[in-house]
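Chemist: Could you put together the complete structure from these sequences and hints?
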Amino acid sequence: MKKLRFLIVSGLLLAVLQSCGNAGDTGKDSKETADSINEARTDNPPATPSTPASPVSEDDAKFAVDAASGGMAEVNFAELAKQKGANTQVRDFATMMITDHTKANDELKAIAQRKNIVLPADLTDGQKDTRNGLEKRMGADFDKAYIALMTDEHKRTIKMFEDASGKVTDADLKAFIDKTLPALKQHLEHVESIRKIVK
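Per the numbering used here, residue 13 is the first one in the sequence shown, and the count goes up by one each step.
Just so you know, the hints here were simulated from the structure itself, not pulled from any lab data.
Predicted, not measured: the structure shown is a model, and the values here were computed from it.
For each residue, glycine too, the CB sits at the ideal point set by N, CA and C.
Any given hint could turn out to be false.
Claimed, not checked - Computed list of lysine-lysine pairs in DSS-like fashion (alpha-carbon distance at most 30 Å, straight line):
(1) Lys167 <-> Lys140
(2) Lys121 <-> Lys96
(3) Lys148 <-> Lys197
(4) Lys74 <-> Lys208
(5) Lys127 <-> Lys96
(6) Lys140 <-> Lys208
(7) Lys191 <-> Lys94
(8) Lys171 <-> Lys96
(9) Lys191 <-> Lys127
Claimed, not checked - Derived Cβ-Cβ restraints for the label pairs, each shown as a range:
(10) Ala187 <-> Asp153: 34 to 42 Å
(11) Thr100 <-> Pro67: 18 to 26 Å
(12) Lys208 <-> Lys94: 41 to 49 Å
(13) Asp141 <-> Ala98: 29 to 37 Å
(14) Glu204 <-> Asp118: 35 to 43 Å
(15) Lys171 <-> Arg207: 15 to 23 Å
(16) Thr107 <-> Ser177: 23 to 31 Å
(17) Glu70 <-> Gln95: 19 to 27 Å
(18) Lys179 <-> Gln101: 33 to 41 Å
Modeler: Okay, structure coming up:
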């Protein structure tokens, strides 16, 4: 009976997450909701064969959620930079971010789907606040803020990927880390060179 109740609640949470694209009614943002669902799945794997158990650990699922959330935000911020960037190099960097991170996001989504990992469907509240702050900036001020943000975000993301590299146990997620990490480091080098120009 407990497992049936868990399946029903998990199914409802998943349906709400997927249909609404956010978790405003629960007081959690999309990333927090995805983390909660994945944690519940790893703590209480379903007993019915029609709903496959999550074949990854809670830590692996958390990495996937964090990476997806960060990748989604980078594309979102880059779309704004492509429109508002005053400097050609900033707009070109934004275009590269959209291309590279969309590809990585799609690869991660495919892995998550195979592994039964729920990923966030929307930006976190903090990411929305960051975007709102960027939207208020114009011209060179926007360029400076966006490039500073991308520098910080890439440093944070690289550290997250490097830390996960030693902890993640799922082979597909490990391969994703190994494939994506060099591109993230390349992005950081590129954005740091632009930062010198837009000071």
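Chemist: Just tell me: holds or violated, for the beta carbon distance of Glu70 and Gln95 against 19 to 27 Å?
Modeler: violated, 38 Å
Chemist: With 15 to 23 Å as the target window, see if Lys171 and Arg207 comply at their CB atoms.
Modeler: At 18 Å between Cβs, range holds.
Chemist: Determine whether the Cβ-Cβ distance between Lys179 and Gln101 falls within the hinted range of 33 to 41 Å.
Modeler: Since Lys179 and Gln101 have Cβ atoms about 36 Å apart, the given range 33 to 41 Å holds.
Chemist: Does the Cβ pair Asp141, Ala98 satisfy 29 to 37 Å?
Modeler: Given a distance of about 23 Å, which is not inside 29 to 37 Å, the answer is violated.
Chemist: Honestly, do Glu204 and Asp118 meet the 35 to 43 Å range at C-beta?
Modeler: violated, 27 Å
Chemist: Next pair to validate is Lys171 with Lys96; report whether the Cα-Cα distance is within 30 Å.
Modeler: Holds - the C-alpha atoms of Lys96 and Lys171 are around 29 Å apart, at most 30 Å.
Chemist: A range of 34 to 42 Å was offered for this pair. Does it hold for the Cβ distance of Ala187 and Asp153?
Modeler: holds, 40 Å
Chemist: Would you mind confirming whether the straight-line C-alpha gap from Lys191 to Lys94 stays at or under 30 Å?
Modeler: Holds, because 26 Å separates the two Cα atoms, which is no more than 30 Å.
Chemist: Lys74 and Lys208 were given as a pair; does the straight-line alpha-carbon distance stay at or below 30 Å?
Modeler: At roughly 34 Å apart (the allowed maximum being 30 Å), Lys208 and Lys74 break the hint.
Chemist: Does Lys140 sit within 30 Å of Lys167, going by the straight-line distance between their CA atoms?
Modeler: With Cα atoms ~20 Å apart, Lys167 and Lys140 stay inside 30 Å; holds.
Chemist: Given the hinted pair Lys191 and Lys127, is their Cα-Cα distance within 30 Å?
Modeler: Roughly 18 Å between the alpha carbons, so the hint for Lys191 and Lys127 holds.
Chemist: Between the alpha carbons of Lys121 and Lys96, is the straight-line distance 30 Å or under?
Modeler: holds, 28 Å
Consistency with the previously given hints fails for numbers 4, 5, 11, 12, 13, 14, 17, ordered from lowest to highest.
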